[in-house]
Amino acid sequence: MESRRYPGGLALHEGFALNRRAFLGRYAGGLGALALASLLEEQSRAGAALGEAVTRPKPRARAVISLFQHGGPSQVDLFDPKRELSKHHGKPYPGQLEIHFNNRAGNLLASPFRFRPAGQSGIVLSELLPHLAGIVDDVTLIRSMSTESVDHETALRLIHTGKILAGRPVLGSWVVYGLGTENRNLPAYVVLSGPGGLPVDGTRNWSSGWLPAVLQGTPFRSGAEPVLNLHTARGVTAEARRAQLGFLEELNRIHLGRHAGNGELEARIANFEVAAAMQSAVPEALDLSSETPATRRMYGLDDPVTHEYAARCLMARRLVERGVRFVQLFHGGQPWDTHNENAKSLRSLCAKTDQPSAALVRDLKERGLLEETIVIWTGEFGRLPVSEGKDGRDHNRHAFSLWLAGGGFKAGYAHGATDDFGYKAVDKIVTVHDLHATLLHALGLDHRKLNFPHEGRMDSLTDAEVTKAKIVPDLLT
Amino acid sequence: MMAKRGPVVVRVLARGFLAAIFAGVCAGIGVKAAASEVDGDVAKLFKLRCLKCHGPIKPKGKLNLSNGRSIARGGASGPVVVPGDLSESVLWERVESDEMPPQPEEPLSRDEKAALRQWIERGARGLAGAATVLRDGPGADHWAFRRLEPPAPPRVQSTRLGRTPVDLFVLRALEDRGLTLAPEADRATLIRRMSFDLTGLPPTPEEVEAFERDFAPDAAERLIERLLASPRYGERTGGLWLDASGYADSNGYFNADTDRPLAYRYRDYVIRAFQGHRPLNQIIVEQFAGDELTSERGPGVSREAVDKLVATHFLRNAQDGTGESDGNPDEVRADKYAVLEGTIQIIGSSLLGLTLQCAKCHDHKFEPVTQREYYQLQAMLFPALNVEHWQKPREREVVAGPWSELGPWQAHERAIDAQIAGLRRLFASVKGDAKKQGEEAIAPLIKQLEEQRWPNPARIAWIGSEHAQPERAPILLRGNPSTPGERVGPGVLAFLTDADNQYQPAQPVSGAGTSGRRLAFARWLTRSRSRPAALLARVLANRIWQQHFGVGLVETSENLGYTGSPPSHPELLEFLAAELMRSDWDPRVLHRLIMTSSVYRQSSAAGTRGARVDPDNRLLWHSPLRRLDAESIRDAMLAISGELDTRVGGPFVRTSRVGSGEVLVEESNPGAHRRSIYLQHRRTQTMSLLETFDTPSIVTTCTRRLPSTIPTQSLCLLNSSFVVDRAASFAERLERETARGEPGQGTTQSAADAFLARAFRLALGRAPGEQELEASRRFLVSQPAHYAALGVKQAERKARADFCQLLLSSNAFLYME
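Protein chains in written order, with this note's numbering: chain A, 1 to 477; chain B, 478 to 1294.
If you're looking for bench data, these hints aren't it; they were derived computationally from the structure. In this text, all values refer to a predicted model and were calculated from it rather than measured experimentally. Warning: the hint list may mix true and false statements.
[As the list claims (entries may be wrong)] The calculated BS3-like cross-link candidates involving lysine-lysine, where the alpha carbons are at most 30 angstroms apart (straight line), are:
| # | chain 1 | residue 1 | chain 2 | residue 2 |
| --- | --- | --- | --- | --- |
| 1 | A | Lys428 | A | Lys390 |
| 2 | A | Lys449 | A | Lys390 |
| 3 | A | Lys365 | A | Lys390 |
| 4 | A | Lys468 | B | Lys908 |
| 5 | B | Lys924 | A | Lys468 |
| 6 | B | Lys521 | A | Lys449 |
| 7 | B | Lys924 | B | Lys912 |
| 8 | B | Lys912 | B | Lys869 |
| 9 | B | Lys590 | A | Lys468 |
| 10 | A | Lys390 | A | Lys410 |
| 11 | B | Lys537 | A | Lys424 |
| 12 | B | Lys535 | A | Lys468 |
| 13 | B | Lys590 | B | Lys537 |
| 14 | A | Lys428 | A | Lys468 |
| 15 | A | Lys91 | A | Lys424 |
| 16 | B | Lys924 | A | Lys470 |
| 17 | A | Lys91 | A | Lys390 |
| 18 | A | Lys410 | A | Lys365 |
| 19 | A | Lys449 | A | Lys470 |
| 20 | A | Lys87 | A | Lys424 |
| 21 | B | Lys912 | A | Lys424 |
| 22 | A | Lys410 | A | Lys470 |
| 23 | A | Lys449 | A | Lys410 |
| 24 | A | Lys365 | A | Lys424 |
Construct all of the structure, not just a fragment, from the sequences and the given hints.
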């Protein structure tokens, strides 16, 4: 294990109060050394009178790993057991259902999976998630999530950007905007793409929207060579490369003089520094050969079923370990969209992802990183308790489940509840906006203050005035 | 029978959606709404407090408060606002008594009520007149669905800046905010901008110098004409059209992603059509129904007929996996429908600015498109894309070409046939073992001869022949091919259809053997002064604007519907759309209007006042700094290094995936240096360099690019073999072109300066600035030391190549000022 967890060594300068405009002027000089977080925390302490209690004086989390599950994982088969559903299997749902595809509303469909209490906390989970069950005492499970749209694209935009409109910045960009980076040798926001091409809604899933361009996610490819062009052409010595970069920056700074303050140009200048550093940093960061046999086993790295997701979960840990602020795993397409063969698809998806996801949490904990890293596992919405066609489930925006671990979220805690059939969140409902507010808070960022001028006003991830986003203190220790 | 949807449920859903949308846009910068639109506090109030229920989609009580027309129309029981008369205005009555908004919503505040009251008392500005409301019906309430009634260009203060009407619209919006245009850019900047916009390539140093020295008042106009006439214009603008039309050289859908070896014929048709300045409405009609406009088929047809047949490939650009389907009947059926679905999505995004595909499973939730109409569109395509009589991709290929092309090929074929026949005859009369031995002996010879055959130059891919049965296409319940429901005949979108522009059966040219359905659709879509044509003109004018400013007047250029972004300059878009139609759909008219304007010609340097008022530059107070798109980056590098291969048309240049996973064109490929438009557009294998700079992998269609700024682009510029190779050739070219006298030891200052001057002229279209020159001189002097091991001469050469590579990696190259 490394003695210094953040080889970049760019700690946040305490008390270095920087106002937003100064920040805007500076971010391109590298994302390091930005103390916006402390500023915001100060502000929110001062602004406690505004209404929201600040429950935690000091943020614990400094990094996020988002295991994003495209398509809408079925909560009643994975996280939210419903006795009534099993009892009334095959009968019509006793009430009005909002069906996405109107024409095939079926009857109640019991989950074919057994649920069991797990861990000390006794949180009940599906048999499909034995590995999650093994770490459930480190997890906050939210069963009362609710969202606004049953269309994939719009629901994705909501959970990534806070609204269903296209073109807004995603959570990862906001987090990097707020906290900067801790390692200039790697992108601050890395997207680990899955096999099978782009996810639904494509590159918008990691777009910085109208935030500065430097804040967008940098996608790494799936497969053997996640980043192309890492090798300097033959014959170019290290000194020659340094001189090249120096000259290029000189040219670009002269050019920037004519376009002072242009964020995209600044980002491009900064990116050359990052790129050059990535040439050695990326192979080192993504080299899994130094992992111990025990770690490899824990993730399932050598099992053909789990290998692909395990490799990316491990890479995520290694990236966060090296100071990357936000790492996000995507699937190609939207595998959790189980309109047909719900049970069969879930079985195969869980077989691929359950072990690596749980291993990531366990591994972070063993390394003392879980305290400061938030792991979040979620899709964009849930699924219905009734059948669609023979054996599928349709979209549901009224309830879905997600889990979080680390970074100050409660350990071994299940939050909220849905109705008897798992159709609608009814107790302690958490909106996507609330989730965003709480995540930012856990990172020491005040969602009402983390904003940016857009179209004539200050806009933010939560836009709380409109969305009524609020922190959910119950979720945090 | 078509299933009914739960009305309550849908309304609730739409409400949540619209609330979110309007919450998002109400604070937008935009330009003041047109005079015929409700604006200011009242519009905002409606958006925030009323549209949840009284929005454009399934409004409660049929009352839609989203725009001046729908408000004037009123609800189920008639008008709700009587301008100037508070006591007759039902809306006011309900609001004043706090009946609306209903519990549990908060009633309107005192200020909100005051604003509403004042608006009605002062004549309810922005309400449409009764005649307009009566004429068009609710289908025309949304701005993009209206008839074109282009406004007169507004009056402005800075009249001297008003070169074209474009300026007046933009200036007016700027002046309303206390802003104005930036000063005019210099000539070198302008010609670079214009060249990339119209040809996708940089100007040569000679072209720049000529333009800089041209002091005639119409210098810019003449330059624009020259660019519009350049063969590179067709490639550039045709390329943008192809992206929007979903063109690809592979079938997609399955991992196999098999080739479409003849799709290039459609690509070449589009390029040729743009090069020949064919009117856009004609291109569209040909794309839908070229085969209905000519009865010529087979070998010996005219070139014009070939064009018309090839144009219909537009309708089969969508992914098509039916050539590979494994035989499971459900899957085969679904694969056929996937082609229809993709085609309709392409039509929607590229021509109608509508997300039609959402109506596949259910009535569209946010646009006035029903599921029934969606399947009526399928029925329009059904005879050709006939699920009951399917033609696989390779079956939609025929020989159709003029004799001038076929003649030489046939002669060649006949010669080979004759030789083969001659060989076979040798053993025709022999029997038994001798025959067998003889045949074995000639087999390799025959094989050799077969390999000498040429591909048939007249082979084309097109929509395929029609099959008249079944006449009607089924509505698929939930969009599922295995649950067909009621059958419907061909039709169009009711909300865009007026009495004077019905979908009428069209008579195809005699002998075409087609149903005329697609022709009827194309006529409905393009009929002069109709509302569909108005929408089409807006979509196309918006994309032409996007070509010149990076962002359309409507940012979501694929979606002008209710869920699309609002236009930044609504009146300007109306004006441009009307000009496009008035010019008989000649895009050059818009290019000229835009490119000769002061707005287009302003400098990209940003001032501080504008940055405060409009940081996103939506009002265009300076020229937007635009990054070159991926194809322009690659093509410009080749042009600058002197390696660009300008051959036009023909089969695609194959890309390959090498060991590292990188997709590239091998340098040994004879087409390696051709323009990017001619490289293989394989859906699952986009060339890495292009992909890194945001070329999309075409799934259905792409009407605009989202440019990213990521470190992997820097890595590509620093380390990819393509860039390194171009830099080396660029340096050699410079050496060749600037070498003077005998090469001595070291490089003299003047030789270095000549090298640098030419390098900047070629790469950036201008001379180096003082600082740039200084920095470059220093680099050329100091860099060879890092390559000392190579010897002086090689080290200097390597340093020059480095310099060239960095120039091609610099922001000054990557961006259009």
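Structure-based check of all given hints:
1. A/Lys428 - A/Lys390: Status violated; Cα separation ~33 angstroms.
2. A/Lys449 - A/Lys390: 49 angstroms, violated
3. A/Lys365 - A/Lys390: Roughly 42 angstroms between the alpha carbons, so the hint for A/Lys365 and A/Lys390 is violated.
4. A/Lys468 - B/Lys908: 93 angstroms, violated
5. B/Lys924 - A/Lys468: 76 angstroms, violated
6. B/Lys521 - A/Lys449: 24 angstroms, holds
7. B/Lys924 - B/Lys912: Cα-Cα ~18 angstroms, so holds.
8. B/Lys912 - B/Lys869: 40 angstroms, violated
9. B/Lys590 - A/Lys468: Measuring from Cα to Cα gives roughly 24 angstroms; hence the hint holds.
10. A/Lys390 - A/Lys410: 39 angstroms, violated
11. B/Lys537 - A/Lys424: OK: B/Lys537 and A/Lys424 at ~25 angstroms, within 30 angstroms.
12. B/Lys535 - A/Lys468: 26 angstroms, holds
13. B/Lys590 - B/Lys537: Between B/Lys590 and B/Lys537 the Cα gap is close to 21 angstroms, so the pair holds against 30 angstroms.
14. A/Lys428 - A/Lys468: 15 angstroms, holds
15. A/Lys91 - A/Lys424: It holds: about 18 angstroms lies between the C-alpha atoms, which stays within 30 angstroms.
16. B/Lys924 - A/Lys470: It is violated: about 76 angstroms lies between the C-alpha atoms, which goes past 30 angstroms.
17. A/Lys91 - A/Lys390: With a Cα-Cα distance of about 14 angstroms, the restraint between A/Lys91 and A/Lys390 holds, given a limit of 30 angstroms.
18. A/Lys410 - A/Lys365: Holds, because 14 angstroms separates the two Cα atoms, which is no more than 30 angstroms.
19. A/Lys449 - A/Lys470: Judged against 30 angstroms, a Cα distance of about 13 angstroms means the pair holds.
20. A/Lys87 - A/Lys424: 18 angstroms, holds
21. B/Lys912 - A/Lys424: Status violated; Cα separation ~81 angstroms.
22. A/Lys410 - A/Lys470: 18 angstroms, holds
23. A/Lys449 - A/Lys410: Holds - the C-alpha atoms of A/Lys410 and A/Lys449 are around 25 angstroms apart, at most 30 angstroms.
24. A/Lys365 - A/Lys424: The given pair, whose Cα atoms are some 33 angstroms apart, is violated under the 30 angstroms limit.
Consistency with the previously given hints fails for numbers 1, 2, 3, 4, 5, 8, 10, 16, 21, 24, ordered from lowest to highest.
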